[in-house]
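K.L.:
Each chain, letter by letter, is given below.
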Amino acid sequence: MTERLASFFKDLNKNKALLLMALPATVWFICFSYLPMAGLVIAFKEYRYTREGFLASIIKSKWVGFGNFKFLFSTSDAYIITRNTLLYNAAFIVFGLILSVALAIVLSELTSRRLAKWFQTGMFMPHFLSWVIVSYFVFSFLSFDKGVINRVLEWFGREPIQWYYDKTYWPVILVIVYLWKTVGYNSVIYLAGILGIDRSLYEAAMIDGATKWQQIRNITIPSLKPLMIIMTLLAVGKIFYADFGLFYQVPRDSGTLYAVTNVIDTYVYRGLKVTGEIGMSAAAGLYQSVVGFVLVLLSNWIVRKIDQDSALF
Amino acid sequence: MKQRQRFALLMSVLLVVALVLGACGSSKKDDTSSPTSNAGDAQTGKEKPVELIWYTIGTPQKDLEMVNEEINKYTLEKINATVKINMIDWGDYTQKMGIITASGQPVDIMFTASWAFDYVQNARKGAFMPLNDLLQTHGQGILKALDPAFLEGSKVDGVNYGIPANKELPALEVWRFNKQLLDKYNLSIDNVYTLESLEPLLKVIKENEPNVTPLAIAKDFQPLLGYDFLIDKMPMAVKLDTTDYKVVNVLETPEMKQTLRTMHKYYKAGYIATEAATMDTMQDALLAGTWFADRAASQPFADNLWSASYGYPVVSTPAYEPIIYNWSVMGSLQAISANSKHPEKAMEFLNLLNTDPYLRNLVDSGIEGVHYEKIGENRMRNLPESKNYDMPTFSLGNIFLTYLNEDDPENKWEEFKSFNAAGKPSPILGFNFDPTNVATELAALQNVKEEFWSVLMTGTVDPDVYIPKAIEKFKAAGLDKIIEEAQKQLDAWVAENK
Chain A
0 MTERLASFFK DLNKNKALLL MALPATVWFI CFSYLPMAGL VIAFKEYRYT
50 REGFLASIIK SKWVGFGNFK FLFSTSDAYI ITRNTLLYNA AFIVFGLILS
100 VALAIVLSEL TSRRLAKWFQ TGMFMPHFLS WVIVSYFVFS FLSFDKGVIN
150 RVLEWFGREP IQWYYDKTYW PVILVIVYLW KTVGYNSVIY LAGILGIDRS
200 LYEAAMIDGA TKWQQIRNIT IPSLKPLMII MTLLAVGKIF YADFGLFYQV
250 PRDSGTLYAV TNVIDTYVYR GLKVTGEIGM SAAAGLYQSV VGFVLVLLSN
300 WIVRKIDQDS ALF
Chain B
0 MKQRQRFALL MSVLLVVALV LGACGSSKKD DTSSPTSNAG DAQTGKEKPV
50 ELIWYTIGTP QKDLEMVNEE INKYTLEKIN ATVKINMIDW GDYTQKMGII
100 TASGQPVDIM FTASWAFDYV QNARKGAFMP LNDLLQTHGQ GILKALDPAF
150 LEGSKVDGVN YGIPANKELP ALEVWRFNKQ LLDKYNLSID NVYTLESLEP
200 LLKVIKENEP NVTPLAIAKD FQPLLGYDFL IDKMPMAVKL DTTDYKVVNV
250 LETPEMKQTL RTMHKYYKAG YIATEAATMD TMQDALLAGT WFADRAASQP
300 FADNLWSASY GYPVVSTPAY EPIIYNWSVM GSLQAISANS KHPEKAMEFL
350 NLLNTDPYLR NLVDSGIEGV HYEKIGENRM RNLPESKNYD MPTFSLGNIF
400 LTYLNEDDPE NKWEEFKSFN AAGKPSPILG FNFDPTNVAT ELAALQNVKE
450 EFWSVLMTGT VDPDVYIPKA IEKFKAAGLD KIIEEAQKQL DAWVAENK
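So the protein lines, in turn, are chains A and B. The first sequence lines up with residues 0 to 312 when you count with numbering that gives the first Met the number 0. The second sequence lines up with residues 0 to 497 when you count with numbering that gives the first Met the number 0.
These aren't lab readings, by the way, just hints derived from the structure by calculation. For every residue, glycine included, the Cβ atom is placed at its ideal position computed from N, Cα and C. Don't take each hint at face value.
[As the list claims (entries may be wrong)] 27 Å max Cα-Cα, derived DSS-like pairs, lysine-lysine: (1) 61(B) - 178(B); (2) 245(B) - 145(A); (3) 145(A) - 72(B).
[Said to hold, decoys possible] Pairwise CB distance ranges, derived in the manner of DEER restraints: (4) 114(B) - 53(A): 18 to 28 Å; (5) 314(B) - 147(A): 49 to 59 Å; (6) 300(B) - 161(A): 35 to 45 Å.
Next up, chain A with everything else stripped away, as it sits in the complex (with noise of 0.2 Å):
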């Protein structure tokens, strides 16, 4: 046993910068992501005040079992909102990953570094604007009295659409919508990819003759594969949490829509904010990790059935 303790502090002393290193975030996961998970309790709870404080109140509150979920499967939205999460998410995740490695490929062909830095930069932006911002960018395009595309069907003898009453157009909208806002920032973690890829491979393949289009399929896009993964990967344990911004705030709330806006977050948020029941709520956040879990457990057993190096773990 001494033995054993004497090899771990030994251990211990060898790794010490490392370990040091690790520390902050782990510290930061305990407190904020571990620890918290006791409080899941509260969904299967009426949560109720009492004088004694937090802790005391989710311990007298009363045992509600699976109560708090009803809500979320009691109606006919329930088919809805998990339609539309699960196919806007993949539509996200499949467009997001053409757009983002497509994108990187082209920035890192641009012999002119000043020009590649400056459309990067461009491109990065719409990543720090909040979606109020661009709800109100996208207000300006599709206004019905004053937007930009309705002058645009005017000019062209057309009528004019009532954008925000329409449904049909939106499910392209928020796809377009999301992608100007991310694939920017994406396709920097797959620009610093492709920058890390030995360039003598690149210099052999010229030798042999290989075409630029036959470099990157043969050479860019494989030694890629690991970290499209990984980001597939980790957007698929997301697959159950929609953008509340983007659905809320660019179709600007507007009830004619909610058949292609309705999600998950958002029919929770409209649900609750009236009667702020804060079980139902937990039982809401409770059901999408769980949800995510398997559905990453699932995908990553998946990769490595076809591809064991690739896999997440």
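Dock chain B against chain A, hints included.
P.N.:
Structure of chain B alone, referenced to chain A:
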């Protein structure tokens, strides 16, 4: 080797967990020890003053600390207590107070209302202390100063959980008009009362002023139908002249259908902004003066206030009788937190705030000579420094104690009193629907409401097509069950109170 490294990692993680838990544990010990020591102080020596923690609504003011010190000097002398005033901005108040309350942070006094940090709901969840006994022992001044209708109307299940501000009691809805346009086209508002009676005026404006929105309404607009809603903007309602106290689905009533047809007619005629159903406010049009008519909640001398804040004359005429609703009675309250350690002192402070003109004006307008100057017995004028201390008067207690402004008429508070006396109580004044048993249905219903309410109420969609659709979806979400539950509660309330 690899195995051992893994073990080392595991051990260090466990170490960190132990450290963190240890730290959390010890901080909790501090928490529990402080109240007992405080209580000890209070028992051993009465000299030790109490500090009351007060959260109230409004944009935090620059000079708050300075005024707070001045307040403490006075309250220390009067009731041997000081207050620590915390202001939370309008938009954040509900959410932040919810977290503060749920996590059990120390609070003694807090603002609550029907529209911010919901009074009835939080009273039911146990956030506030019952005040009936405290009012008798430490709040006699409040009992004398307040219009009894306020305390009666703000009871939840027979218990008072907050001290309402003595102010306007009924809700009076009026049509407001941009007087410049009335004069320009020589229009009279003498015959305006119903929604339909507006039409000839709107028509003139639409034909002659292409850049003006004739009826400036936004997504929160709701026509006046003569019903009292059990929950704001939800279809469960009771008719104001009811005799049988029946809860109905307001979308199924003929009044609703008729009114929404009119709204849709106005919308199609271009009297209403095309995107009204998604506009949060029409503030831009109001500030620019590019509107003709809208509807607003009034109080005595409101026309003067509006004219002053928009910079051009605004006139108004009633759109309905003044009615006393639950939500108008509960427009502004100060409650004592359930976890307050000094409820008696808190009540003494609230008593002083609602009866002592010096303290009330100090809290409201700041320090005399710095933020305002007195120009008469009950009259004051703001000094330039008042921009650093501009508090929402109605939120802080008895407004009848506040000094009149320079241009206020001498009889301002008398007018308020007669205004209050003229209000008609809603038949269900004092009945508060408890949604606990139907929380699941209510969450689903809320989503249906958001989907249909604004587009219907602003006339954006054809009611003959959309009302049936909405009713069907409301029913699927469980509206009938909620109405049944509401009817049961209302019947029990009627049996007890009528």
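K.L.:
When the structure is checked against the list of hints, which entries are broken? Sort them ascending.
P.N.:
Hints 1, 2, 3 and 5 not satisfied by this model.
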